[in-house]
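Protein chains in written order, with full-length UniProt numbering: chain A, 1 to 406; chain B, 1 to 406.
All clues given are correct.
Below, computed lysine-lysine pairings styled on DSSO-like, alpha-carbon distance capped at 27 Å: (1) K173(B) x K127(B); (2) K326(A) x K128(B); (3) K173(A) x K326(B); (4) K326(A) x K127(B); (5) K326(B) x K128(A); (6) K326(B) x K127(A); (7) K268(B) x K204(B); (8) K59(A) x K59(B); (9) K326(A) x K173(B); (10) K256(B) x K173(B); (11) K268(B) x K187(B).
Honestly, the hints are just simulated from the structure, not real lab data.
Protein chains: 2
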Amino acid sequence: MTTSTMPTEITEILENPARRLLLKGSAGAVAALGIMSLTPFVRAEELSSLPGYASWKRKQDLILHSEATMETRRNAIRSGIVTPSETLFVRNNLPAPDASIVADPDAWEVRFEGVNDPRTLTLGELKKIDVQTVASVLQCSGNGRAFFPHGASGTQWSVGAAGCVVWTGVPLKAVIDTLGGPSGGAKFITGTGGEEIPDGLDAKEVMVERSVPLEVMERVLLAWELNDDPIPIAHGGPLRMVVPGFYGVNNVKYVKYVALTENESNAKIQVSGYRVRDVGVSGAPDQPSMWEMNIKSWITLPLDTTEQGRNMLYGVALGGTRTVDKVEVSVDDGETWQEAELLGPDLGPYAWRPFVLATELSPGEYRIVSRATDVEGNSQPEARMDNERGYGHNGWRDHGVTVTVS
Amino acid sequence: MTTSTMPTEITEILENPARRLLLKGSAGAVAALGIMSLTPFVRAEELSSLPGYASWKRKQDLILHSEATMETRRNAIRSGIVTPSETLFVRNNLPAPDASIVADPDAWEVRFEGVNDPRTLTLGELKKIDVQTVASVLQCSGNGRAFFPHGASGTQWSVGAAGCVVWTGVPLKAVIDTLGGPSGGAKFITGTGGEEIPDGLDAKEVMVERSVPLEVMERVLLAWELNDDPIPIAHGGPLRMVVPGFYGVNNVKYVKYVALTENESNAKIQVSGYRVRDVGVSGAPDQPSMWEMNIKSWITLPLDTTEQGRNMLYGVALGGTRTVDKVEVSVDDGETWQEAELLGPDLGPYAWRPFVLATELSPGEYRIVSRATDVEGNSQPEARMDNERGYGHNGWRDHGVTVTVS
Chain A
1 MTTSTMPTEI TEILENPARR LLLKGSAGAV AALGIMSLTP FVRAEELSSL
51 PGYASWKRKQ DLILHSEATM ETRRNAIRSG IVTPSETLFV RNNLPAPDAS
101 IVADPDAWEV RFEGVNDPRT LTLGELKKID VQTVASVLQC SGNGRAFFPH
151 GASGTQWSVG AAGCVVWTGV PLKAVIDTLG GPSGGAKFIT GTGGEEIPDG
201 LDAKEVMVER SVPLEVMERV LLAWELNDDP IPIAHGGPLR MVVPGFYGVN
251 NVKYVKYVAL TENESNAKIQ VSGYRVRDVG VSGAPDQPSM WEMNIKSWIT
301 LPLDTTEQGR NMLYGVALGG TRTVDKVEVS VDDGETWQEA ELLGPDLGPY
351 AWRPFVLATE LSPGEYRIVS RATDVEGNSQ PEARMDNERG YGHNGWRDHG
401 VTVTVS
Chain B
1 MTTSTMPTEI TEILENPARR LLLKGSAGAV AALGIMSLTP FVRAEELSSL
51 PGYASWKRKQ DLILHSEATM ETRRNAIRSG IVTPSETLFV RNNLPAPDAS
101 IVADPDAWEV RFEGVNDPRT LTLGELKKID VQTVASVLQC SGNGRAFFPH
151 GASGTQWSVG AAGCVVWTGV PLKAVIDTLG GPSGGAKFIT GTGGEEIPDG
201 LDAKEVMVER SVPLEVMERV LLAWELNDDP IPIAHGGPLR MVVPGFYGVN
251 NVKYVKYVAL TENESNAKIQ VSGYRVRDVG VSGAPDQPSM WEMNIKSWIT
301 LPLDTTEQGR NMLYGVALGG TRTVDKVEVS VDDGETWQEA ELLGPDLGPY
351 AWRPFVLATE LSPGEYRIVS RATDVEGNSQ PEARMDNERG YGHNGWRDHG
401 VTVTVS
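Start from the sequences and build out the full structure, keeping to the hints where you can.
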């Protein structure tokens, strides 16, 4: 195995440790990455307890895919408008840094480039510039990957690589204004994570560095609070670049470098990673990047069985960057639809809306599906859009549940 | 001591156990009430750990006044849109029932009267009627009592007998409709708590039974979830009658009886308790009852000291039943005011809004105060309204903080 081929496999190992067993000669790479905790990475079937950096999570709410990937159980959401941090999924692209970086959060430093007055600011200084609080869905690009029949590689997320959380931080725009504005020619916001790069690996091959279009700057936050508490290390504390409405990977954890750039990052995670392409095709820069989330919904209750008679069918719906206008629910796999009620306060266009439909069910087996529509009329498609890595799945048919009524 | 005089003192003991030391001959009454846990009631200065029924709370966020009264620290709120259950204040009028009542919540029974089809329904049945989610401030009538100079009896709450939480339950209106509607002549909604009445006491003297005007029925919930989790025993689970915008006492815990009634309850807590009257006057039915909350705000950060230069002043503001329109902040005890920014999503008219004001402070001592105004133009008054029990304090002057800038 050469160094140049190693990182691809390492990425796969990190996303799906079970695949490690299929890889030959990767022992060195695995050892190099076993720095997240004292125990080496463990494959899903063996993982029975939460890793140290996430030990404060509610284990009963999570499916432990690996030490770096923990999925929120479908039944742990019910009708919650905000997902508790203890229940929120975890997905790390690299082993999390040592928790010592959140011990004195205000001392955390971020370098800003691509502005007229490039500078390094501490989190303590950022906190004094301005502050904003935004509710936003955090969702992994591969949420729903488990439904692809071609066996898309990566963590086999069902619906639980998503949560609706509240971020508090400084608007990036206010920071950029403080630093004299863009220095010219900028087309992207590029954020770099503060993870340690394992020895012997090429940083560009494994680092988390993502670029998003400059047009979304108005909504980007450099956030220090998740659900009104300091962001824990498992979720990117002490500081995370939050791009509301964009897939999880763009929300760079432990952000240590923010630049306004003319080009997208040349890190692998940007160049060929998180690119939507046909099955069997390699990732490349000319393919769509996993930026803006699409409209999506799923049922959260009931899941397997329920009793005959009146039933309340619950779920959640998100519009990505657009407010959800309505959600329809079908108990006959899409033959007929009924409009559900949206539940609770509207936390804004980036948040999700719980919904509920009251309906009568007689004994039998039901395929219950949901379909959301946003204020601009965009609806979920029926089918999945097959793609190599199983990204961005929002087809309503696959996201349904089969419930036996007795 | 006669039985008829005992309950008044018991109420005082429950609200402020330190007063127990001042009472003569009350040992029997205290013993009769020592059923909340295995340890007897302990006065504030001695309470060093959370009582069993609230052992899951964040102790560092709370001031432990007594086993029945725990206040959220002013610095535990910061800019939170929703107060975590672990941080929410606790105030019980009677010892909490045994936690066994939340073990099988769906079996909890509630009797409905004053309707055309009076019936007993289980929580499981209520859950199938309808569901709604509402964000609402929960606040004790005596929040701010500590600021009254006449030494109003009861727990000496500062600002922390309040939190903004999310309730999920069935709209009472939907239940009443299911039961054939009001049976006629109803002017009040009367809810009765499921606490056990200690032996030897007259139930009407100590029971928690509150009546609120029928006009608010549209907003009343019978709630089974607090912040998207089943309501814990400390907060009235398995079922609580929630009246958004009304003071805490009207939100009857462990509700076991709901009636539409022509008259208000004849329980002491309604007849003479929670009545606003002049200092030295006894409670009576012709005085205003502690129903609707008034507009109020307070600073949450900084509190004691801060550094010179640019500072972010945080706080929260609630409008009771009306949306907060604006909050002004003064750093010179009300001489001059600046308008603050409201932070985060608006969770509706019953929720609070965090606010922030960025300002420059040079070394010195500052009295920082805040003043909220609702969409109908109602503003906080400057002064407290003196009243016997120290209820409903929303004067801005007393709620300020004195901060030393160095």
